[in-house]
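*Asks:* Sequence:
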Amino acid sequence: MRKLILLLLLGIANSFYLSAQKINSSYQLNIKKASSEIIIDGVLDEKAWMDAEVATDFFMITPMDTSFAQVRTDVRMTYDDENLYLIVENFHLLPGPYMVESLRRDFSFGKNDNFLLFMDPFDDQTNGFTFGANAAGAQWDGIMYNGGSVDLSWDNKWRSKVTNYDDKWVFEAAIPFKSIRYKKGITEWGINFSRLDLKATEKSGWAPVPRQFPSASLAYTGSLIWDQPPPQAGANVSLIPYALGGIRKNIEGNEDTEYRREVGLDAKIGLTSSLNLDLTVNPDFSQVEVDRQVTNLDRFELFFPERRQFFLENGDLFASFGYETIRPFFSRRIGLNAPIQFGARLSGKINKDWRIGAMNMQTGEVEEDGLPSQNFTVFALQRQVGARSNITGMFINKQSLNYNPDPDAEQPIYSQFNRNAGLEYNLASSNNLWTGKAMFMKSFAPNQVGDGFVHAANLKYSSGNLTWNWEHQYVSKNYTAEVGYVPRNGFYKINPEASYLFFPKSEKILNHGPKVGVRYFFNTDGEKTDNTTFLAYNIKWRSQSTFQAWVSTDYVLLQRPFDPTNYSGDTLARGTEHQWYATGAEFTSKPQSVFTYAFTTRLGGYYADGKRYNVTADIGYRFQPYVSIALSANYNSIHLPEPWYNTNFWLVGPRVDVTMTNTLFFTAFVQYNEQIENINLNTRFQWRFKPASDIFLVYTDNYLPAPFYTKNRSVVLKFTYWWNI
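Just so you know, we're using UniProt numbering here: the sequence shown kicks off at 1 and counts up by one.
Hints listed in this document are in silico derivations from the structure and should not be mistaken for laboratory results.
Since the model is a prediction, treat every value here as computed from it, not as a measurement.
Hints are supplied without guarantee of correctness; some may be wrong.
Mimicking DSS-like on lysine-lysine, the simulated pairs with C-alpha atoms at most 30 Å apart in a straight line are [to be verified]:
#, residue 1, residue 2
1, 199, 505
2, 199, 33
3, 493, 505
4, 515, 493
5, 442, 528
6, 168, 33
7, 168, 493
8, 493, 477
9, 183, 690
10, 515, 505
11, 161, 47
Restraint-style ranges between C-beta atoms, simulated for each label pair [to be verified]:
#, residue 1, residue 2, range
12, 706, 294, 45 to 53 Å
13, 524, 598, 51 to 59 Å
14, 290, 413, 23 to 31 Å
15, 377, 290, 37 to 45 Å
16, 341, 598, 24 to 32 Å
17, 395, 94, 19 to 27 Å
18, 399, 568, 54 to 62 Å
19, 477, 608, 35 to 43 Å
20, 377, 451, 51 to 59 Å
21, 524, 237, 46 to 54 Å
22, 294, 166, 51 to 59 Å
23, 367, 690, 18 to 26 Å
24, 446, 656, 47 to 55 Å
25, 465, 709, 55 to 63 Å
Note that the Cβ used here is the ideal one computed from N, Cα and C, for glycine as well.
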């Protein structure tokens, strides 16, 4: 089976390699140097804009992709020696106010009237940058990878302004060449523009994109034609120092108040216009938004995404290797239990075909835990193949330094080293209809017994109506990835899925159709351990509200003892079999309303012939564009035989976002988690006093729910400044 799907992947890739051609190559926007000074004020009155070519006549993406857009959008671009400039006239089709969530940066795409720029400076249809704004002026920026995925955690230095008129809203931006990566001498960039107008429930793009793909799909970009090669960014060195003061009190542990007085430094050095060196000394990430908690009823570790800025640029080189539950590198393992002392990261393009990523991080010793200082090294090298496919090689090393464990201990508490090495082939056809990957990875550790091997592959086809995907995985018993996220070992997995969408001639329903999938797990002896089979039916209205109903059957043969409540401490025995049926539904309301809501339900069987009932509800109300109020609630009722009996869990999370301007933000987030008996309060005030330069005030409390006893508390004041040399 492994050989069959690998040969199929390579065969498809070879056919596309021979016939690849950029689909929207005829969509060209010529850009020439500005004939006058540009002032970023959201007003189209400079001579340079009158002289610029106009990109107009956008194509509709949704609800249909067979005609021009009804909403008119005009885009102009120009540049000078330091900045790339953009101005957009977003005309109204229907009367009434614009629709936005708030002025919060990196807004939710589907809940805001917005305009986005997707830029592929290497024209490789794989990696790039995105910039944009909603109709109230909130900024959006991110890095693009895998041909259309966007990481909005990336943040950089640029300026913009939105001005509203009766018949349109105008977005104007200046993007420094130092803020993006591009190759010297390239005069043709991939580019596309996306417009979402919620009143008209229309999404459109300048270069046409089939509706089954996101408007960010780089396979469907047009071309930005420069009148001369873009100017070199020149000396591109940025220093980003921070200073921090704070207090931390562990009341539950009856510890003395800890006072924090810290300084640190990040540096970004542009070695070339497409290759960047990031350095950090004594980094601190206390301002990063807290993770959203979940009720954990799973047998395996949960995944929480990386949010720390240092790890994000070109992060796909490291983090995208593998699959959702087979990630040999997961940057959140670094600095998890020990402070990061310093680190360096080299990443970017060597030329159009080659990308490189190299990282080295050093953590300090934690004497009270016996944790030695550790060094983390990651190296990735990627070669583009054909139009949009690539091959990536990766090496990961975690090394304990000056570590001399007790020789009488049967096994050291921490390993001397853990290493992983492997290859991955990513397939993406020129029209994006075929995608897939195949990976091979080997681990190395002291006294490792067995092969320590991983293999996985998938192949996906996405047309306008039919989508199907085949995926299989193998993880050996002895595979170890101490700097990765691999929650499960010793299994084979087979997972085919298929769905079909009907597009009726209806004024209300956009599409509907079934989805079916089967997931099997086998242990390395070939014995079935898990099976889930599901059938779902999806409906999407033209208003953008969605509904899904599903039924499923599950089977589990426990490979180790498991507490089905993840709370009581009592466990089901290894080797016991469990089977049940369940059904559920999901609904999300239309995003145009100031009041939005969503719910999910699940009812049916559970382990030990028990029952589990779950309801999740999300409601939100916005006083646009300044205040957004949201409440998320999750209730689980679990009915089991003794010794568990009935167990109920609430997880409630009210949140308030106040965006006084697009540079002044306040967030208050409370999470009550009955399963872990904790109430978490996190408030964060942020003032972006200059582009990419901030002052943060963060207050955090953790309480026992009853009698509302404070467990720990912290306050942090942090100042960061982005200084271009």
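*Asks:* Checking against the hints above, which ones are violated?
*Replies:* 2, 3, 7, 12, 13, 15, 16, 17, 18, 19, 20, 22 and 23
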